Amino acid sequence: MNDSPVEINNILQRILPRVQKPARYTGGEYNQILKDWNNTKLHVCLIFPDIYDLGMSNLGLMILYDLINQRSDALAERAFSPWLDLEDQLRKFNLPLYALESKHPLKAFDILGFTLPYESLYTNALNILDLAQIPLFSDQRALQHPLIIAGGHSTFNPEPMHSFIDAFVIGEGEEVIQEILDVYSDWKIETLPFENIPPSISKSKRNELLKHLAKLDGVYVPKFYQEHYNLDNTFSRLEPIEPGAPETIRKRIVGKLPPPPTRLIVPYIETVHDRIPLEIMRGCTRGCRFCQAGMITRPVRERGVDEIIQSIQQSIKNTGYEEVGLLSLSSSDYTNILDLIHSFNQHFSLDTLSVSLPSLRIDSLSVELMQSLGLARRNGFTLAPEAATERMRRIINKPVTTDQVLETADAIYSNGWSTIKLYFMIGHPLETLEDVQAIVDLSKMVIRIGRKHIGNRAQVNVGVSTFIPKPHTPFQWTVCDTEEQIQIKLSMLKDQLRGKGIKLTWNPPDATFLEAWLSRGDRRMANVIYQAWQLGAKFDAWNDQRNLSAWQQAFEINQIEPDFYTHRQRAMDEAFPWDHISIGVRKKYLLQDYQWSLSGKTRQDCRDHCFACGILPKYNSLRKQNPGNAWKCPDVISREKSNQHDAIAN
Amino acid sequence: MMRLRIDFQKTSPIRFIGHLDLFRIWERTFRRAGIPLAYTQGFKHHPRINIASALPLGFTSSHEIMDFWLDQILPIKNVLEALQTALPSGLIVNQISPIELSAPSLQSILIGSEYQVTFLEKIPNLETIVEELQNRATIEIERRGKRIDIKPYLFSISLLPFDENNNQQLFLYLSSSQDQNARPDEVIQAIDYDPLDALFHRLQLVFENGTKTSQ
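Heads up: the sequence lines are chains V and W, in that order.
The opening residue of the first sequence carries number 5 in my numbering; numbering runs sequentially from there.
The opening residue of the second sequence carries number 17 in my numbering; numbering runs sequentially from there.
Next up, chain W with everything else stripped away, as it sits in the complex:
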């Protein structure tokens, strides 16, 4: 048995693919590549794939992290080469590295996510709005019918330079741990901006001990 950690990009061509579909896409990519994934035991066999954090539909990302298990030990170089030939357009592998079988699950060590938000419609006084948001005691949003305060999960917010189309951009660092988390579109909603008019890009995931995926 071998456990590997893959760092990949989800780019614009496949940004409209949801988490469950992405899972199946990976499964089929491995099968095309001829890489024998280990399967879970039980009534219905599932390949052992573990994605650190579900990326919402519509989002792109520079660094998504996923662990997978193989039944046999293979040279990493061969795994990488085989995968490269089988990837669908829009999925890009940054890196594959071996992980101890006993290492803790990705979800259990995930702390937060850094995002870049691009506004496709102009927001007057964005600077003031960001400042006001930082100073608010609570940021109440509605999630699945419940009011919750996401202020504690907003670790950091700041303006970014304009993009190449002169769109305003924001940097957000949000909590992504299992029970305490916020999504960037929730933050955007809190400033009365329609998230459908924004592009969301995950820059990186932050794990315990301050490990960032881009490092």
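Bound conformation, chain V alone:
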């Protein structure tokens, strides 16, 4: 058996010269934490199921790494998907997948925590379990196997992965991870030594752990639930079958954002976001109806300017990074954005520290912000109108006027930028071909403005993705475009958005459909995922790796019609497979918002006016513990008043 860290390392030294970018697999980076294995009680491995180069830019993973390693009784290490070349070598040498820090095989850990921010990582997660030589299905695992947990945005519909994950963590992990470790620790002490447990009760001992976990707020243990379907194959309900398993699992949030990690691991090789990630705000009040992140990360909580500046200073000292990303879903909405930029410029020299400020609103203030940050003009300026007609933007609740787009473009080109990136989506509900044509027209108007200012140097890069009706959004009742519709729309764009100064990029329809099936699926999808993986599907997020025919075959084997998930308009009263997951926002509110959208009615930013989405009553006590300005919801109001608000909103 090649199972000890020493043996694993010896074999690695022979196989790493044979793979691309071997430094992905060595660990040892600056600020890596390597604890004494034998003197630490709890061993956790955090896993991002794609390659190192992507995974090392995942902020959630870094936050949990930092928090777990602060505990004296626990250690956290990391693992990522090996690229195809290393996978071949691992399989050839029967070498189990290992963690970067200590080179212990994953199967030696107590807990494996997968971060699943998007659905196209699912087959990679299965592949990692397989490479780790751990049974894929939860019910095949016994005491000697690690507990497999998962969290991240895609797990707000956990059902497609319910067979493989022992426990899902719904929502923000900072506090609940501590509770999970505490529960695990108590159970482990009670149960040790594992070797003395007879195999006949090994699974029931493991079940005890899951029962304890199911009692934690925000933890979902799928095996304690039974699903039911209607005669027409639609989902009926999920029934708790274990005493103590809650009917609904409410997402966890933190009342106040904890201090950001500043002792970040500095990768030896370049990663996608090779910089200090600093979350200035969590949540978004804009309410764009297609945006799952905007719905599931409510309420908005901000960090103070001083905390941000001090954290950046500390991070530079600890890492030596030359760039910082100020992260949020909508930078312009950060309350003290001008103060922040002013303070930033006072404390840092832009010659030695560059900054990125993503997700800016379409207005002239954004241009001023970018200018005062001396942002690199060669990178271009990004605007995301998402739709090209005012009608469509009212439907999706991104009520920007076309004049605003054009005025902002004017300000951008006249202030020295030569490239504007415009992001649109096709396939929105009620979209017509006129709305798609408008994408062409608007892009051409923008390039004309550019030419007026800087002639032929002006460039417009148009990025087009396809709308997916994501769970927990107001659009969850609606359908995806069919492939035929998408192709017609894409060819309109491809035919017209070409020539000097214009570049068009788009998402391939197969990527859209895969994401849609996986995000909207129910428990029946689990076998499809398993089959697809067996048929060779992995790296589904990679356009050059995605294997759609494996997926189609997997659907056929399971006699499931994929269109059932994506091309079927839902009845207003249909139960969804994710209804047991509560994001704090009421389903009725989402439905109302959907109905508003169909009549072109917009909903203003809820910082200005509470529409009673449900967050405040659901997290009432948390809000009371954190009064003042950190939350951007108005202060808690009495039930009576809240009902009045409901009446107004209705």
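Hints may contain errors.
[Claimed, not checked] Simulated crosslink set (DSS-like; lysine-lysine; CA at most 27 Å straight-line):
1) W/93 to V/96
2) V/260 to V/227
3) V/605 to V/591
4) V/207 to V/219
5) V/219 to V/260
6) V/321 to W/138
I should point out that these hints are in silico values taken from the structure, not numbers from a laboratory.
If you're wondering where the values come from, they're calculated on a predicted model, not measured in any experiment.
Position chain W against the provided structure of chain V, taking the given hints into account.
Chain W in isolation, oriented as in the chain V frame:
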């Protein structure tokens, strides 16, 4: 302005880091250490760091040489101490010394490199093979699609004692000047041995006037 020359080791934990990545690692190490590197002028600012010779990915080294420039004059002792606290594992500083600002660039005075090659698979008759190689008129290898003769760049080759794992080892002294150079893995390929089954370690760099880094 101050110019300093650093002699460092690149050891096994970071042997899989390539030249460009190493450059960025140094840049971040200096920033962590709070040592203000001078920056080049121009559209994109780069710190002034100059590494004598790119060490191929997978190689370790006892003596790599790099010059760097500071905007201010600092005591060398302080620079060394600050660097020591900020180095990633696997990078070891042997020595730092001041260099005249007008001194020629490292690349322009580099002559050759001495390497130790460790064979992880047994080679029967290694002695004969080495002898044969020495007597060959040309050693043709392929580099970026072109056939070239590296025999003129092979200054010296000899057997070394076995290592602690009883692996055979070779000593190579190869030309490293800018236009005329050879890599040890190219020499190994010429004897039909897969370089992926060997460990390469640079013992030292040799500069004009016979200065060796280990002296």
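Evaluation of the provided hints:
1. Distance restraint check for residue 93 of chain W and residue 96 of chain V: the Cα-Cα separation of roughly 50 Å exceeds the 27 Å cut-off, and the hinted pair is therefore not satisfied.
2. A threshold of 27 Å between alpha carbons decides the hint, and for residue 260 of chain V with residue 227 of chain V the separation of about 32 Å lies outside it, so the pair is violated.
3. Straight-line distance between C-alpha atoms of residue 605 of chain V and residue 591 of chain V comes to about 18 Å, which keeps the hinted pair within the 27 Å bound.
4. For the hint linking residue 207 of chain V to residue 219 of chain V, the alpha-carbon distance of about 19 Å falls within 27 Å, and the restraint holds.
5. For the proposed pair residue 219 of chain V and residue 260 of chain V, the alpha carbon gap of about 23 Å is at most 27 Å, so the pair holds.
6. Taken as a hint, the residue 321 of chain V and residue 138 of chain W pair is broken in the structure, with Cα atoms around 48 Å apart against an allowance of 27 Å.
Hints 1, 2, 6 from the list above are not met by this structure, while the remaining hints are.
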